[in-house]
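Line by line, the protein sequences give chains A, B, C and D.
Quick note: the first sequence uses this note's numbering, first residue 1, plus one each step.
Quick note: the second sequence uses this note's numbering, first residue 111, plus one each step.
Quick note: the third sequence uses this note's numbering, first residue 229, plus one each step.
Quick note: the fourth sequence uses this note's numbering, first residue 554, plus one each step.
To be clear, the hints were calculated from the coordinates, so they are not data collected in a lab.
Think of the CB as a built atom: it goes at the ideal place given N, C-alpha and C, for glycine as much as any other residue.
Heads up, a few of these hints could be off.
[What the hints assert, rightly or not] Distance condition first, Cα-Cα at most 27 Å in a straight line; then the derived DSSO-like pairs of lysine-lysine: (1) A:66 - C:422; (2) D:651 - D:926; (3) C:308 - A:87; (4) D:994 - B:224; (5) D:1005 - D:994; (6) D:1005 - D:651; (7) B:224 - D:656.
[Said to hold, decoys possible] Short derived list, chain D residues pointing at chain B, Cβ under 10 Å: (8) 690; (9) 695; (10) 717; (11) 718; (12) 724; (13) 731.
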Amino acid sequence: MDFLDIVSSILLLAGVFFGFSGAVGLFRFPDFFTRIHAASVTDSIAAILIIGALLLQTSFDLNTAKLVFILLFLMVTSPTASHALAKSARHGGLLTLAETRPQDKQGSAK
Amino acid sequence: MSFILDYYNYWVVVFLMMAGFYIVISANNLVKKIVGLNIFQTSVFMLYISMGKVSGGTAPIVVEGVTQYSNPLPHVLILTAIVVGVATTAVGLALIVRIKRAYGTVEENEFDNKDDVI
Amino acid sequence: MAEFIDLVLLAMLALTALRIIFLKDLFAVVMLFGIYSFLSALIFLNLDAVDVAFTEASVGAGISTVLMLVTLAITGRKEKQSTHSSLLPLFVVLVTGAALIYGTLDMPPFGHPDNPVHQHVAPRYIEESPKEVGLPNMVTSVLASYRGFDTLGETVVVFSAVIGVLSLLGVRRKKKKDLESGLESHRVLHVVAKIIIPLVILFALYVQFHGDFGPGGGFQAGVIAAAAFILYALILGLPKAFAVVGPRFLQWMAAAGVLLYASVGLYSMYMGGHFLDYNQLATDPVAGQHYGIIIIELGVGVTVFAVMLNIFYAFGSQAERSNVQ
Amino acid sequence: MLEQHLAVLPIILPLIAAPLALILGRSIFSWGFATLVSGLAFLLSWQLLAAALSDGVLSYAVGGWAPPWGIELRVDAANAFVLLAVTAISTLVLVYSKHSIEKEVKAANHSLFYTAHLLCLAGLSGILITGDAFNLFVFLEISSLATYTLVSLASDRRCLTAAFRYLVMGTIGATFILIGVGLLYMKTGTLNMLDLAERIDLYDSSRTINTGLAFIMVGVSIKLALFPLHMWLPPAYTHAPSAVTAFLASTATKVAVYVMIRFIFTVFGIDHVFVDMGMGLILMALAVVAIFKCSYMATVQSNVKTVLAYSSVAQIGYLVLGLSLVSVSGLMASMIHIFNHALMKGALFMAVGAVFYRVGSVDIKDFAGLGRKMPLTMAAFTIAGLSIIGVPLTVGFVSKWYLVIAALEQDQWLVAALVLVGSLFAVIYIGRIIEAAYFQKLPESRSSENIKEVSWLMLVPMWVLVIANIYFGIDTSLTTEAANSASEWLFQTNSMLENKVMEGEVLEGHAIEEKAQEVSS
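The shape of chain A in the complex, shown without the other chains:
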């Protein structure tokens, strides 16, 4: 096992960890906006880490180029999709947790 393999494995594991935590967040968080926050942020970093790990495994050929393209595509589309979702939800009148329960917020501030 050479150096690149070790780095690649670490990146892969980190990517899996972030992806997993995003999934947990999706289930555990209380409302739409926090959930989409959990999903989108961890999703982006997980994609970068995993594709980075795969890039280290290629021998700089056509596959490398394809992976780079996939990475760029994900970096552009994934946050845009989350943004559009959140904005549409806001547009459609969905309130955040804090806005729906103002007294709770005050209570916790004290």
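The hints should help you fit chains B, C and D onto chain A, whose structure is shown.
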């Protein structure tokens, strides 16, 4: 044990087919019927693709140094069948939209009551 | 390893299917169906069917799901409590399933190279098609040449679908400019879409013309190109999309694709061969095969693009109509 | 050139014409073009039948690839005969449909209607001619999709739910056929029907093959509306535009019956299907129940189109009954009835469409007094109705005659009696309508309406069919000759199959003997 290993794939596929088939014939909502039809068909596609697989083979695209390829014929058949499936889905959904406009509902038992039967 | 992945994916599919049976929220049902399609695309990939996986991902998880969502926008997302007695369907399904399980008992074992499927007919495709047809992708060889008549039929099926959808829904050109269409307020989406749409079309062209060498071909390319325009129509609204490619023009394109395909067959008849005998298209049979396949794949691509986009237009204009009401 | 490609032309002619009809756009052009193309297809299929009767089988390798690697088209006397009926009816219905469609379909959809009709014709021709099991599925779906479209084009909203049910049932049927073909492919590695027939015998008692057979049979039964699976048919035929009903009732289910015959006789072999699997008895029982249940249902309906739709399901019972007798004469009765029933039902539905054109409704009570107002239409209805009943000098009599003879040949007295009793029901349901038309007075409320005879464009195709009803009822030589050579041909192919099985058994027998000798030595 090898018996199970040889056939588990087909058994799960049969289960999936029957799940789709059940949705088609039991659902009351027309959109759900179409979803069931799609699941049914997609599972039949899996049956075909499963029989084309050769253990240790690769995708049927010529690569230097590979001798064992999976069978390309089921792939071709299923490409055609997928297209047929989406065509049927499109026509079915268009009918649903028209039914909604004409009856105001897409629940089977509700629009049945609005007309005399046949 | 492949078997293990297969097993995990099958288990996920079974869970998804079971969930769909019991869910009442149709929006969730359709999203789960998209997931189901995507998982089956992964299974196809795992079983070496790269072209099929590509198509299933773009059609099942793509076009079908989009059409279902648009339909839900018109019909509403809640399923009412079913009043069907579910015993008879259950009985029918159990009998059918039992028949199928009975049928599996004599099946050749999964993945075994000595199975009849791998002994008859297919060996010629695998051994001879690179020489006879001259393409590395055997699926394309079989699809476009050996079973080219099936593919003509498939193109005609797609064409029939657009005839059906148009006769049912029609595409209304809107005169009124004032109704809200598209996602006007989403600046970020506009910018990103403008970057991405040309890339998607470029990718579609790559898939169209690289289908002879790798996975892909006319059908997948047509669907991807249509997806690019659907994105455009979703973000900028149908009237703007109509200005780029109008529904009337798309009808002609769909017809032209079928005619292009059939004309290759007629020309080969004229040259003295059988219908769709590409060997007649050039003096060198392999070159003739190559010309024939490129042209008919183009025909398939054109028809599929035009049909998919036109179907989306038809559903989209219905959805906008119901929004106005 | 023409002779060489005769087998493929009836499929690709309407297939290529369909997009052209869409491009033409204007209703009148599309109509003229579609009628012309359908007429040409009729002439071609006439040639094809002549060629098949004189030369036996025509095999055509599409793409120049020899079967089983490429797709084979295979024409013999049987499918050329059915194809002739399909293209003839299609042409007549297209002539008829010009006015009928103007009344029943929105103007914007006219060219789409003719395009869909051509697609349906191409699909049906493809199903008949192809010799490849998967190609059959593709053409089945082309014709089905076109049919769903045609049914849903009517202006009554009930056509939508009818079309949707038809779509769901039809797709389930097609998927069952797909499963069946897949199971056969799994065991044999081939899709060509002839090749399948040869290779299936190697695995004769296999459970997979039998399951495949069962799935194909159930799938085809849905498509041909065999009794318990017929629920999609009456609403679809009732609410579709009249011209569409006339076309579908006389072609689509017939083609499905042919598919069943083809799979039984040229792929599986009758011994396997009827003797080993015992399907003969099942089919016969279902056919008898279909004849009685649906004939009874036909007598209690108030909508004439529904009456005729149930009558169609009952007539399908006769077709399957002839098939289930497993003899040359039984099969011949079925083949003749495929042709004859197309003539009767085509004429009947055209007459009903003409009434709808003038009166705007097809309830039995609205037929009152029409005998005087629309004498030609009602005369056509009466003659075709007598044909359904089976009165001598009509084709209906010929069909029933051969069916009864075939049943008596096997000493199936009960079946022969049941066929005759079934005709009594036809007397009731046709009689009710004729009684209303001739012996009831036009209600006072309608006497002011201007109800008169329809134009010649609708009358001519109707009367062509009526005259054919009488002509082929008197001069039966053409139909019986074609049907006879078709069914003899099917039995010949089948016995070839079985001889091979016998040889196979002989070989196995030898192998067993050799083994026995080895053991003893």
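Status of the hints after comparison with the structure:
1. A threshold of 27 Å between alpha carbons decides the hint, and for residue 66 (chain A) with residue 422 (chain C) the separation of about 21 Å falls inside it, so the pair holds.
2. Taken as a hint, the residue 651 (chain D) and residue 926 (chain D) pair is honoured in the structure, with Cα atoms around 22 Å apart against an allowance of 27 Å.
3. Pair hint residue 308 (chain C) plus residue 87 (chain A) does not hold up; C-alpha atoms about 30 Å apart against a cutoff of 27 Å.
4. In summary, the hint linking residue 994 (chain D) to residue 224 (chain B) is not supported, as the alpha carbons are separated by about 33 Å, beyond the 27 Å threshold.
5. Between residue 1005 (chain D) and residue 994 (chain D), the direct Cα distance comes to roughly 15 Å. Compliance with the 27 Å bound is thereby established for this hinted pair.
6. Of the pairs offered as hints, the one joining residue 1005 (chain D) and residue 651 (chain D) holds, with about 18 Å between alpha carbons and a cut-off of 27 Å not exceeded.
7. As the CA atoms of residue 224 (chain B) and residue 656 (chain D) are separated by approximately 25 Å, the hinted pair is consistent with the 27 Å bound.
8. Here the hint on residue 690 (chain D) is kept, as its CB sits about 8 Å from the closest CB of chain B, short of 10 Å.
9. Hint status for residue 695 (chain D) relative to chain B: holds, with the closest Cβ pair at about 9 Å, below 10 Å.
10. Annotation: interface hint on residue 717 (chain D) holds; nearest CB of chain B at approximately 5 Å, less than 10 Å.
11. Taking 10 Å as the C-beta contact cut-off toward chain B, the hint placing residue 718 (chain D) at the interface holds, the least distance being around 9 Å.
12. Interface hint at residue 724 (chain D): satisfied, since its Cβ lies 5 Å from the closest Cβ of chain B, which is below the 10 Å cut-off.
13. With a cut of 10 Å, the hint placing residue 731 (chain D) at the interface with chain B holds, because the nearest CB-to-CB distance is about 6 Å.
The structure fails to meet hints 3 and 4 from the earlier list, while all remaining hints are met.
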